[in-house]
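Chemist: Numbering (my numbering), first residue to last: 1 to 46.
Note that these hints are calculated values from the structure, not bench results. Any given hint might turn out to be false.
[To be verified] Computed beta-carbon distance windows for the label pairs:
1. SER43 to GLU3: 18 to 28 Å
2. GLN26 to GLU3: 15 to 25 Å
3. LEU28 to THR4: 33 to 43 Å
4. PHE9 to GLN44: 34 to 44 Å
5. THR14 to GLN44: 15 to 25 Å
6. THR14 to LYS36: 36 to 46 Å
7. LEU2 to ASP32: 18 to 28 Å
Ideal Cβ placement from N, Cα and C applies to all residues, glycine included.
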Amino acid sequence: MLETHKQVFKEVLTLPPMEKIDLVDQILASLDRHDKEIDALWSQEL
Numbered sequence: 001m002l003e004t005h006k007q008v009f010k011e012v013l014t015l016p017p018m019e020k021i022d023l024v025d026q027i028l029a030s031l032d033r034h035d036k037e038i039d040a041l042w043s044q045e046l
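Go ahead and model the full structure; you've got the sequences and the hints to work with.
Modeler: Structure below.
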């Protein structure tokens, strides 16, 4: 899997800046999902 990441990264480096930004936005959006377990733990902390 690591080799695949390296290949993808090399390809991303060839993209124009705006396409890189769009890709980063999509990746960050995919991480911005709520996890019920994490939400429950945070509510206990508060």
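Chemist: If a hint holds in the structure, say so; if it does not, say that too.
Modeler: Each hint, compared with the structure:
1. Roughly 41 Å separates the CB atoms of SER43 and GLU3, a value that falls outside the hinted 18 to 28 Å.
2. Remark: the range hint 15 to 25 Å for GLN26 to GLU3 is upheld by a beta-carbon distance near 22 Å.
3. Distance hint check: the CB atoms of LEU28 and THR4 are about 20 Å apart, inconsistent with the given range 33 to 43 Å.
4. Against the hinted window of 34 to 44 Å, the Cβ-Cβ separation of PHE9 and GLN44 comes to about 38 Å, which satisfies the hint.
5. Our hint of 15 to 25 Å for THR14 and GLN44 is violated, since their Cβ atoms are close to 46 Å apart.
6. The hinted window of 36 to 46 Å between THR14 and LYS36 holds, with their beta carbons roughly 39 Å apart.
7. Distance hint check: the CB atoms of LEU2 and ASP32 are about 25 Å apart, consistent with the given range 18 to 28 Å.
Violation of the numbered hints given earlier is confined to hints 1, 3, 5; the remaining hints are satisfied by the structure.
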